[in-house]
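The task is simple: from the sequences and hints, build the whole structure.
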Amino acid sequence: MKNIKKGANRYFSYLFVIVVMLLFVFPLAWMFILATNSKADIYTFPPPLLPGTELVSNFQRLFDTIPFWMNLWNSVYVGVLNTVLILFVSSFAAFGFARFVNAPGNKWLFYVVVGSIMVPPLAGIIPWFMEMKWLGWIDTHWPLIIPTAAYPFGVFWMHQYIKQAVPEELYEASILDGASEMRIYLQVVIPLIRPGLGALAILAFLNSWQNFQLPLIVLNSTEKFTIPLALANLTTMFGTDVAGIMLGTSISVLPIFIAFVLASNHFIEGLTSGSVKS
Amino acid sequence: MQMETKKEASLDSDRLINIERNSLLKRMKKNKMFYISIAPFLILFLMFSAFPIIASFFLGFTKWNGVGMPEFVGVNNYIKLFKDPVFIKSIYNTVHIWFFSTIFTMGLAFVLAYMVNHYVHRAKGFFRVVFLFPLLVAPALTAIMISVVFSTNSGLVNAVISLFIEGTFNYDWIRSQFWIKPLIVLIIMWRWTGYHFILYIAGLQTIPTELYDAAKIDGANGLQIIKNVTLPLMVPIILVSAITATVGGIQIFDEPYVLTQGTGGVNNSAVSMGMYLYQTAFQYFQFGLAAAQSYVLFAIILVVTLINAKVLRRRT
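If you're matching them up, the sequences are chains P and W in order.
With the first letter of the first sequence counted as 1, position 218 gets the number 415 in this note's numbering; the numbers rise by one all the way through.
With the first letter of the second sequence counted as 1, position 118 gets the number 132 in this note's numbering; the numbers rise by one all the way through.
It should be emphasised that the hints constitute simulated quantities derived from the structure, not laboratory data.
Hints may contain errors.
Calculated cross-link-like contacts (lysine-lysine; reagent style DSS-like; alpha-carbon spacing at most 25 Å) [what the hints assert, rightly or not]: (1) P/K304 <-> W/K241; (2) W/K44 <-> P/K304; (3) P/K304 <-> W/K43; (4) W/K43 <-> P/K360; (5) W/K97 <-> W/K195; (6) P/K330 <-> P/K421; (7) P/K304 <-> W/K46; (8) W/K97 <-> W/K46; (9) P/K360 <-> W/K44; (10) W/K46 <-> P/K360; (11) P/K330 <-> W/K77; (12) W/K77 <-> W/K94.
For clarity, every value in this text was computed on a predicted model and none was experimentally measured.
Right, dumping it as structure tokens:
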């Protein structure tokens with residue numbers, strides 16, 4: 198009796214999990230399917246459920262409408278620069294906090310860092326925008342690269358990582374060997390926290406890649422747009438070209454999907470990091 | 015005599031302060047590298063996070079169109095805001111979307127995690143990966159995708175409904191004042207279930223099986239076990255996931271903005287606080303008023319987060 202019940206529970210669970218999974222994957226699959234169908238076919242009834250043959254002409258139309266490669270490149274280079282800065286700024290500050298525990302101010306400055314994780318960035322958006330204006334950064338990519346480089350969560354996370362990965366004795370041994378603090382950071386700490394940096398890099402890059410609000414506020418010209426902004430703009434000016442829009446969306450998520458499948462463990466650590474560890 | 019000791023004492027304390035000051039300077043000098051290493055972060059943080067948030071507080075008491083000097087108006091902005099029906103509606107919309115999306119996302123994620131942890135023995139890693147896929151798509155792009163699935167003439171949802179009725183079903187979901195909010199809730203669920211799922215799986219795996227066995231011997235049934243064993247042990251993780259959902263949910267912007275193409279929906283039915291703030295500042299150029307809005311948003315996040323923490327703590 199008990200075994201039958203357990204068996205029933207198991208079948209029901211499998212069924213439920215698989216059905217939900219299919220519902221979750223479906224919009225993604227359909228996005229790729231629509232990207233290969235013609236503009237007109239999408240409006241037939243029932244809508245296409247299989248890949249079509251219009252991929253090339255959809256490509257053509259997409260590139261004629263918006264500077265797609267330019268937008269993609271903007272997203273890539275903004276993302277890479279922003280990520281590199283976050284990695285350096287976060288790990289360097291975290292090294293300071295972890296290494297110099299007795300430095301005056303260490304404790305309360307760290308409280309400030311942790312506390313500010315909870316502060317919503319929207320709270321300061323108006324003066325922030327004025328700063329960008331004042332710096333002459335409107336319609337440039339700098340607002341997306343520089344200000345977000347101070348990432349309190351990144352400092353907090355790298356701090357936890359350094360504490361756990363670098364034993365106190367290692368610092369003392371390096372000092373005895375005559376290494377400067379800068380060399381300790383670069384040649385002792387950095388190599389030991391590489392996995393943590395990798396996960397932080399994934400999180401930082403995805404944040405930048407998916408950002409919509411800040412680009413919307415600071416960018417004005419189409420050729421400066423990042424991908425989410427360019428595609429959202431495409432829907433407003435070209436609302437009926439569903440195939441083109443889905444193709445653009447597909448191209449922008451495909452590289453991320455491939456990277457995810459290849460390094461899913463790092464991604465999972467990066468995406469869920471702080472919550473699991475704190 | 016007494017005077018002298020007093021004098022001596024004060025001399026002593028002077029000396030002490032001096033010594034302390036010296037040692038503070040000395041300690042700062044000794045830890046010079048600390049200040050160098052946190053400098054890049056601190057400078058950027060002060061310039062682009064701390065200063066704007068403090069300035070925003072003061073700006074909230076002024077009237078300013080972005081040119082010239084802000085004009086001090088006291089609490090007028092706040093009075094104006096709470097008399098503005100659109101602002102009230104934006105608070106209602108935001109809380110509505112946040113509440114339902116949080117409940118449904120966390121509920122679904124918990125059920126999935128519990129099932130996978132207890133009954134699904136094959137392909138656990140596979141499910142972890144698949145449920146995370148939506149998180150890799152930018153919220154703005156997710157909104158585009160969902161608007162295609164629900165679109166009036168080419169949407170799959172209308173097509174499926176058409177199969178069951180006579181003729182074709184051409185419902186306009188996006189322009190429906192009722193359905194626009196469930197659609198946004200659906201987008202959030204689609205995006206975030208995998209994230210919470212992974213948190214819960216990690217938490218469930220730390221609960222020792224002996225506890226379940228003991229509860230079973232005591233004659234507890236499935237639901238009682240979940241209520242009395244699993245949930246109490248999961249509180250810290252549920253708290254983290256609830257707070258993450260809250261801080262993100264109250265700031266929601268991308269999804270309603272893209273779904274309604276920046277209009278906020280028919281009769282402002284999808285205007286979130288973040289969106290109304292954007293409109294006030296960058297479409298109507300009322301920067302003082304927008305700054306006041308940003309502080310109301312800030313306060314609501316704070317209050318909801320504290321309530322979250324309190325409610326969940328009390329349950330343990």
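Evaluated hints:
1. P/K304 <-> W/K241: It is violated: about 39 Å lies between the C-alpha atoms, which goes past 25 Å.
2. W/K44 <-> P/K304: Given pair W/K44, P/K304 holds - Cα atoms ~17 Å apart, limit 25 Å.
3. P/K304 <-> W/K43: holds (17 Å)
4. W/K43 <-> P/K360: Distance ~23 Å between W/K43 and P/K360 Cα, so the pair holds.
5. W/K97 <-> W/K195: holds (23 Å)
6. P/K330 <-> P/K421: Distance ~16 Å between P/K330 and P/K421 Cα, so the pair holds.
7. P/K304 <-> W/K46: holds (16 Å)
8. W/K97 <-> W/K46: violated (53 Å)
9. P/K360 <-> W/K44: Distance ~21 Å between P/K360 and W/K44 Cα, so the pair holds.
10. W/K46 <-> P/K360: Cα-Cα ~20 Å, so holds.
11. P/K330 <-> W/K77: holds (19 Å)
12. W/K77 <-> W/K94: holds (12 Å)
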